[in-house]
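Asks: If you want the building blocks of each chain, they are given just below.
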Amino acid sequence: MKTVLRTDKLTKRFGELVAVDRIDLEVCEGEVFGFLGPNGAGKTTTLRLLCALIGPTSGSAEVAGFRLGRDDPKIRASVGILTEQPGLYERQSAWENLVFYATLYGLTTAEAGSQAERYLRLMGLWERRTEPVATFSRGMKQKMAIARAALHEPRLLFLDEPTTGLDPDAAKTVREFIVQLRGEGRTVFLCTHNLDEADRLCDRIAFFRRNVIRIADPDELRAELYGRATEIRLMPAPRPEDLARVRAVPGVREARFENGSIVVASADPLHTNPLLIRALVEGGAQIAFVTERKAHLEDVYLKIVEPIE
Amino acid sequence: MTAIVAASPARPTLVRAVCVREWREALSNKLLVGMTLLPPVVILATGVLAVAAAAINPPSEHDVQALYAAAPAAAGLDPKEAVQGFIATYFLILFMLIPTVVPLTMAIYSVIGEKSARTLEPLLATPVGVGDLLFAKSLASTVPSVLVTWIAYAIYLGSVIALGSRAAQNAVTAPRWILAIVVMVPLLTLLSVNLGILISTRVNDVRVAQQIGGLVVVPVVALGIAQVTGRVVLDNGAFLQMSAFLIVVDVAVFWLAKVAFQRENILVRWR
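Residue numbers (our numbering), protein chains in the order written: chain A, 1 to 309; chain B, 310 to 580.
No wet-lab data here; the hints were simulated from the structure.
There is no bait here: all hints are sound.
Some, not all, of what chain B presents toward chain A, calculated at C-beta under 7 angstroms:
| no. | residue |
| --- | --- |
| 1 | I313 |
| 2 | A316 |
| 3 | P318 |
| 4 | A326 |
| 5 | E430 |
| 6 | A434 |
| 7 | P436 |
| 8 | V437 |
| 9 | R572 |
Here a beta-carbon is modelled for each residue, glycine too, at the ideal position from N, C-alpha and C.
Sequences and hints are given; from them, build the entire structure.
Replies: In structure tokens form, the structure reads like this:
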């Protein structure tokens, strides 16, 4: 896959404070890339660096095919950013806000109008397009801010806490929008504290605290840190001979009873699970459910990222 | 995906978009509209009433002697006419106050308003250059102020021609004053706007910024007092010198505002 963002020891200092310390990132086109870290870890500063809003102290980066520091206006034209605060013109209507920003991104009058309409409809705000943004709820304002960030169809979209403070319905709209963007081949760089959301949406996650600690697929990381486990629920409740049969299957590392189920840890569940099921059925057990047991991303996060003192 | 090619807009497009947005914002703010219109309306109404009152009420002997002493050129004129001419000229100086007061409020709201509403970061995330943005913001505050001053002056001119004596008519139609209104008003407005922007980069409170920016009226008021008391004669040469001086100061203040108005400063240092 084509790389859309690459950094090489990108660093930002504010006087003595090292806000971002020699980060190396590589993000591919069409990927939803999670960026997780505690408050004060330098996530917002990293976003501002990558959007060419502030300059690096040292290191280099290439964003959307353009060199940071040399092609800054082109980078800003090629990326979209959802900032921490929606930052909308509250006295002006939703339509006026979007058309204004479309113009600043160099869209023609016709394009500005059609893009504003497209995103207002997509975000479910078309019916309220003529109303001042001040009358909107927090969720509506956030959707407006996301629409503004995507209005010029950027290759790469930076979203800083897109669903914070949103009700479930609005959060769902935003998540569906992110999935849609990925479907269109666009890249989303997602800063979030919502680990469940990161788990559901992100293809890869960078764990960050001034520097990138680890970048990985969340499932692979789970498997590496906690192994992979399968939960088998039997009807009626499993018997000791069922557990013995499970333990005898090749590849099983560990098997135990837990809340009326058998929980099995194995190195390669894709290979082991069919053997487990066959062994249990041949032993006369009736299987109700077979589910993958996942460690929570929160556990993974807390294991990798130590809190900032 | 829709085929869109985003880029920095052409400067005229940017200026038009920023001006339209700022004017919409300003028009929806009743306080700002009131503060913009009040000074010209008060100066205009007072000026017209004063010229009209001087036409009705004859001046005292003491006033006439004081006037001849301050303005020797008026000696020999009919006292009533001379007083009208004097008042008409005095109010022309007050018209020079409008471009120092009116745009200041708009410029301050234009930056402090964006700071407090946190709208600057998304604005700076666009491909627009900050110099162009600053230029557009300056124009958005300058144009209405200049227009308001010119309209107020035009009404004053018409009123004095209709109501005033020949001396008053000659005073308001003197080429040096027309030159002052046409040339110096935009220059004073730009100075006030860019000072307002510069001050707004340092403070977060509109009232504090207005108090500091209000100092820009001091030189104009001092000039008015100096002329009324006969210490300074505002002839063609004086206006040309002042215009040249204002051009230099305008360029310097715009440059300073541009230095203060940088992306990283705004995002990291402005609080």
